[in-house]
Amino acid sequence: AQSVTQLGSHVSVSEGALVLLRCNYSSSVPPYLFWYVQYPNQGLQLLLKYTTGATLVKGINGFEAEFKKSETSFHLTKPSAHMSDAAEYFCAVTLNTGGFKTIFGAGTRLFVKA
Amino acid sequence: ETGVTQSPTHLIKTRGQQVTLRCSSQSGHNTVSWYQQALGQGPQFIFQYYREEENGRGNFPPRFSGLQFPNYSSELNVNALELDDSALYLCASSLAETGLEGYTFGSGTRLTVV
Chain L
1 AQSVTQLGSH VSVSEGALVL LRCNYSSSVP PYLFWYVQYP NQGLQLLLKY TTGATLVKGI
61 NGFEAEFKKS ETSFHLTKPS AHMSDAAEYF CAVTLNTGGF KTIFGAGTRL FVKA
Chain U
1001 ETGVTQSPTH LIKTRGQQVT LRCSSQSGHN TVSWYQQALG QGPQFIFQYY REEENGRGNF
1061 PPRFSGLQFP NYSSELNVNA LELDDSALYL CASSLAETGL EGYTFGSGTR LTVV
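Heads up: the protein sequence lines correspond to chains L and U, in order.
1 is the number of the first residue of the first sequence in our numbering; add one for each residue after it.
1001 is the number of the first residue of the second sequence in our numbering; add one for each residue after it.
No lab work stands behind these hints: they were computed from the structure.
Possibly wrong hints are sitting among the right ones.
Unchecked claim - Stretches of chain U that chain L covers, calculated by requiring three or more beta carbons in the stretch to come under 8 Å of a beta carbon on chain L:
id	segment
1	1043-1049
2	1062-1070
3	1089-1100
4	1103-1112
Beta carbons: idealized from backbone N, C-alpha and C, even for Gly.
Isolated chain L (complex conformation) (with noise of 0.2 Å):
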């Protein structure tokens, strides 16, 4: 069964530090990776994806995610955290199984403390 899970449900870090939100997922076809950031009382705004190409990936707001195929894995970075960045994340993979679906992983909350 496809699936996505999102290591740690609230991550806390100090502004300036590294920021890393961890997902792994589980598909029997080739995933397309996208992370999302949700603020409150908001829709999802896209960050970043993968489909084809380079496995590193750059998106809005300094972040970047990796899609490594042997760990199953395409966890989001940022190399200093700023306020502005405290929000909920969301790791989703879209599969083509003979029809197009979206899966969302539950989430994760980030914390900034200044």
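The hints should help you fit chain U onto chain L, whose structure is shown.
Chain U in isolation, oriented as in the chain L frame:
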């Protein structure tokens, strides 16, 4: 360009009733997806429409149905509402039927079933 707009923003219904939620896609987008997001969880894929045809469906019962219109706006209909249907319903649109360009999300409709 306008984004994805959803209406209404909030709705309260009684168990057993029917509800229709509406979504206007971002200009130029011909694909629309609907998601259910329960409190504290990630969005769950309901279904996706491309050029008025359903081209993907998640694990939701048939009482969840949808329509996409020639102008690519969309409706989500839920019959025989249950208490567990209380959630944030998100609409998202995309340029391509695969959704691989990523989705633009609306701010959602908060449905409460009492």
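We went through each hint and held it up to the structure:
1. 1043-1049: holds (count 4)
2. 1062-1070: violated (count 0)
3. 1089-1100: holds (count 6)
4. 1103-1112: holds (count 6)
When each numbered hint is compared with the structure, a violation occurs for hint 2 only.
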